[in-house]
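Chains as they are written, first to last, in this note's numbering: chain A, 1 to 337; chain B, 1 to 337; chain C, 1 to 337; chain D, 1 to 337.
No lab work stands behind these hints, which were simulated from the structure alone.
Hints should not be assumed to be uniformly reliable.
Which copy? The list can't say, so a pair holds if one copy fits it or any two copies do.
Said to hold, decoys possible - In silico BS3-like pairs for lysine-lysine, Cα to Cα no more than 25 angstroms straight-line:
| no. | residue 1 | residue 2 |
| --- | --- | --- |
| 1 | LYS184 | LYS329 |
| 2 | LYS329 | LYS238 |
| 3 | LYS131 | LYS238 |
| 4 | LYS227 | LYS131 |
| 5 | LYS227 | LYS41 |
| 6 | LYS131 | LYS305 |
| 7 | LYS238 | LYS133 |
| 8 | LYS184 | LYS78 |
| 9 | LYS238 | LYS305 |
| 10 | LYS184 | LYS133 |
| 11 | LYS78 | LYS131 |
| 12 | LYS305 | LYS133 |
Bear in mind that the values here come from a model prediction, so they are computed numbers and not experimental data.
There are 4 protein chains.
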Amino acid sequence: MIRIAVIGAGYWGPNLIRNFTRCPHTQLVAVCDNNPDRLAKVLAGYPGVAAVDNVETLLERNDVDAVAVATPVGTHAKIGIAALRAGKHVLVEKPLAPSVREAGELVRTAREVGRILMVDHTFIYSGPVRKIKEIVDSDELGDLYYVDSVRINLGLFQHDVNVVWDLAPHDLSIMDYLIGRLPKSLSAFGTCHTDREGMIEDVAYLNLDFGDGLLASFHVNWLSPVKIRHFILGGSRKSLIYNDLDNAEKIKVYDRGITVSQDAEARRKMLISYRIGDVWSPQVDQSEPLQGMVSHFAECIRDGKQPLTDGESGLRVVRILEAAQRSIKAQGGRITL
Amino acid sequence: MIRIAVIGAGYWGPNLIRNFTRCPHTQLVAVCDNNPDRLAKVLAGYPGVAAVDNVETLLERNDVDAVAVATPVGTHAKIGIAALRAGKHVLVEKPLAPSVREAGELVRTAREVGRILMVDHTFIYSGPVRKIKEIVDSDELGDLYYVDSVRINLGLFQHDVNVVWDLAPHDLSIMDYLIGRLPKSLSAFGTCHTDREGMIEDVAYLNLDFGDGLLASFHVNWLSPVKIRHFILGGSRKSLIYNDLDNAEKIKVYDRGITVSQDAEARRKMLISYRIGDVWSPQVDQSEPLQGMVSHFAECIRDGKQPLTDGESGLRVVRILEAAQRSIKAQGGRITL
Amino acid sequence: MIRIAVIGAGYWGPNLIRNFTRCPHTQLVAVCDNNPDRLAKVLAGYPGVAAVDNVETLLERNDVDAVAVATPVGTHAKIGIAALRAGKHVLVEKPLAPSVREAGELVRTAREVGRILMVDHTFIYSGPVRKIKEIVDSDELGDLYYVDSVRINLGLFQHDVNVVWDLAPHDLSIMDYLIGRLPKSLSAFGTCHTDREGMIEDVAYLNLDFGDGLLASFHVNWLSPVKIRHFILGGSRKSLIYNDLDNAEKIKVYDRGITVSQDAEARRKMLISYRIGDVWSPQVDQSEPLQGMVSHFAECIRDGKQPLTDGESGLRVVRILEAAQRSIKAQGGRITL
Amino acid sequence: MIRIAVIGAGYWGPNLIRNFTRCPHTQLVAVCDNNPDRLAKVLAGYPGVAAVDNVETLLERNDVDAVAVATPVGTHAKIGIAALRAGKHVLVEKPLAPSVREAGELVRTAREVGRILMVDHTFIYSGPVRKIKEIVDSDELGDLYYVDSVRINLGLFQHDVNVVWDLAPHDLSIMDYLIGRLPKSLSAFGTCHTDREGMIEDVAYLNLDFGDGLLASFHVNWLSPVKIRHFILGGSRKSLIYNDLDNAEKIKVYDRGITVSQDAEARRKMLISYRIGDVWSPQVDQSEPLQGMVSHFAECIRDGKQPLTDGESGLRVVRILEAAQRSIKAQGGRITL
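Bound-form chain A, shown alone (with noise of 0.2 angstroms):
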């Protein structure tokens, strides 16, 4: 049995929380956070678990193996760099951290330490996502030609980071969990429209290019009438649409592909034969992906298991994140990675 602290009460601690509780390799024994009324309405429902005000104080008690860190993105590094040096295994939240710097930094002492650290891409744990690697792993799709990713939303506005930091992270994992490399370069494009000071961007587009014909497009928008989750996987055999906002069928693979014929004079010609074939829809889990995450997380310390979205993963994101901010500010500059 893992014993866990969850830092941080604010939007996404109680789901910590809860998903803590509720999984059976692991015990939470302490919330933290420095707003008093905050802390005691979210342990209402916990009679056992200690209340903390500080986040000094959690750090020194014993009874704590792993901290999962749900604080303001810009306090993750500080927070989980000493978690780690007081010798506990951490959760952060995504992104990792602000900077690719402070990201860094957590990697490289969560080495030193020897301790498990590993970043919540809850999505890595969703069925879909899962059922979608599969798939990639098996090579149905063939080469990857492009990603497409629009994830927009007339939604909850961030008032400390833009629309590329809060809502890009996701699809960001999911691309590099299914891809496993990072691109060799990027542009971004962003506009402000409610932030007078024009810091805070609310609609976003990144290109990234993986320098072998492998392009991948992400839209975020906190601006659009409507809600759209697409990401589309487009390969030399077969492509893949995952859409999140389907219920019935939230992953397609569509048996449409496309045959350059080889010989010279029809490739001359670009005579290009179509398959249009059948679409499938596989059956996927539809269990809570926090759960899953959770669960892992208990088990990678358990075990000694580097996680799935571990820390280098939660890095390789920010380094996008980052240098997309870059290119934003200049204008959709090429940034190299």
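With chain A held as given, fit chains B, C and D onto it using these hints.
What follows is chains B, C and D alone, placed relative to chain A:
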């Protein structure tokens, strides 16, 4: 009655022939194509129409008031200019020309000879786009914040042009019609998968920056497993979605604006109150756009009016296409317009 | 503050418990169930609430003003009547009772003892149905021509009731709320596939005839491969569709009436001109219907008001259910109501 | 080459004319209509085809092998029988005849004179329906439990027939093709709203009982605000949905069967385990059904084959239509077939 000749009896020519025949203001007198079999086949159902096998002969005819040029894009300028100099009014298929230089020559020649030059941006004559124009002009949407267009399909590959020149003219001409000004700069990204020489992009993204907070993004794609035609206009008051594949509700107007509070404290906190309101899907005219287009051409000739889709609008679209092409070759390098 | 006891801690009971606890006008004082394990489990999160293991003991309590009966339908009347006679106000889960006789006894008893009897037709307290009621009452639709309801699912089978008693009460109660009168007659059809004794229908159709041109049809089905909740109200002026699974646009009003020409010649030829107009999707309140329902119950008790879903409406629904059952057994034989 | 004459140049005739002209196995020699203007207009594009103004003259022609009857349904039998007696093969528009008596005479006459009698149940020649037939015949669905068909539209009113005779032949012919036997009995319900004499139903429901647990339901409607074409085949192993308006995925097969446990105790409790599995949308042929239909007609004449949609199948559909009509007039009274 305007007497018309159609030049080019390939892919699009027969549609023009059919529509000029049906139009009460035009009389189709001749069709010109250098392929005699194709010409004979196309004219089978049109007994009184002359078959002409070369452009020079056609342009010498006195019974032709205007020509419609539906030849490959590389020949548009040469044929169009010759026709204008022969005193004919000219309708050119989209895109107007393969370069800004040639498009500019067309526009200048038309001005010199005092003849109508019109480009067949067909969508501008469709019920949905005319309704959207009405809505935008009424200021119902407020300030425009972003345009997001997706036009993707596993469709017919072109051998002579890439996906940008093939598909983007539709959406760029719609945007030009609605907004009526050029972006300040753009960046574009594309890749080739099916063309071994790497010259003909099959997936591309365009990001246009109008310099005043308005961003326009275009995704064009020949390799998609599904057909999507989705066009969002995000506004400060309302937003609009035009889904050309939704037969029942092509246009939806969303009364879901954003109100940024004006007082200082609130602004600092960026408190934003949402209005989530009704959705309204107006009735749109379903008559064939091409019929409206040929009528408009006849009417402009008869009354000496400036066409909605005049040479200048064709030139503006070509400016963006050419810049996009250069940007793609420069791996997304920013092009100022 | 109305003091409430919930009887029955099975499938639906916990939802009532949660909502009575949250409601500012009610206080949950006791929960009664004859299964002690279930009772203990349900009450875990509610420290101050009494656990009672039999109905008699519960009804003797003076600190209970009202009870909510969430037991199997066969026990509704017995428990409800006992509670009314003990001076309690009574809320009964749908359907009110398993027969017209027992439902009638409940209604009569409530009248005799002067206590509130309410049936939990939850949908009546939902945002969409309240909005539809508003639209119908405003006469926007004109005369009602037909009601067509489809509620099908590969869902949870019931062991004690068939698909008609399980699913149809939802739609029949909505229809009753909107129209407010009983049909003149009905015919119903059903078959059993999964129950070897052939007693429990899993697919059924109800056809209700109001005798004045209004026809109402209900398709209920436990064996469908997909979930559908589709309710059409066809009117002389406009029509309305309520699709409970469309999260973005649950209600759409179609301005597509039919105008029958009035002059004799035209009438003879039955020339009909269509108006095909706009579609309007009004905003609907998204608060939890069950919360509205329990508030309404408390308010009716406090103010001595007649509930929207009073015993009479519950009885009307049971009348239709019982008649449908008889008609199915008579292979669709017509039952007059 | 089969020499064809089309009788009736109204609504459907031109479609037949176009398809017989295009078919490589047929030659259109004459078109017959008693309205000379309509005839002239229809034949404008077909120079070599004879215009005939009455059926008698037409049937005397020796250069006609077969006729297609596209006249109002009331004349089908008279014209069809005359044509058969004149030695012509006969194709009749759906429905075959306005009564079982007349349809039966057509069938008997064809048998007597040894000529092909075929009814134009066009859907049977469509890609989707042929694919569904293949799936049903392969026993992939298992035993059929129910058929549920919805064909509703705010469409073109007919003046001579009601909505049942207008729309239901499509779905009844599909059901007949898939199942190949008549129901044991049926009940039908309908109402009139737009016809003041109350003779022409515009909304109707048919419930067909096959007597072995299979129920088939048909909803046909001229007054719907939206167009729906939705056909469910519920099976013991799998289920299938045919949505004719879904251009991308017209057919979906759902691997979501029901397994009823076999042991006594389990049966008593009716414990049912669900299998919720994959969805598969097979590719379907998209060629024009009418082209397949006319080819099949020519082929049956040439080879002396029984048509898929022979007179008998046309008669079975008319049996159901006539019984439905009687049941509607008897307010849903059960009619045994």
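Verification of the supplied hints:
1. LYS184 / LYS329: This pair counts as both: shortest intra-copy Cα distance 19 angstroms, inter-copy 16 angstroms.
2. LYS329 / LYS238: This pair counts as neither: shortest intra-copy Cα distance 37 angstroms, inter-copy 28 angstroms.
3. LYS131 / LYS238: So LYS131 and LYS238 pass the 25 angstroms test inside a copy (15 angstroms) and across (23 angstroms) alike.
4. LYS227 / LYS131: Answer is both: 23 angstroms inside a copy and 23 angstroms across each meet the 25 angstroms cutoff.
5. LYS227 / LYS41: neither (31 angstroms within a copy, 38 angstroms between copies)
6. LYS131 / LYS305: Close inside one copy (22 angstroms), not across copies (50 angstroms); limit 25 angstroms.
7. LYS238 / LYS133: within (14 angstroms within a copy, 27 angstroms between copies)
8. LYS184 / LYS78: Answer is neither; intra-copy 30 angstroms and inter-copy 42 angstroms both fail.
9. LYS238 / LYS305: neither (33 angstroms within a copy, 42 angstroms between copies)
10. LYS184 / LYS133: within (22 angstroms within a copy, 41 angstroms between copies)
11. LYS78 / LYS131: neither (35 angstroms within a copy, 51 angstroms between copies)
12. LYS305 / LYS133: within (20 angstroms within a copy, 53 angstroms between copies)
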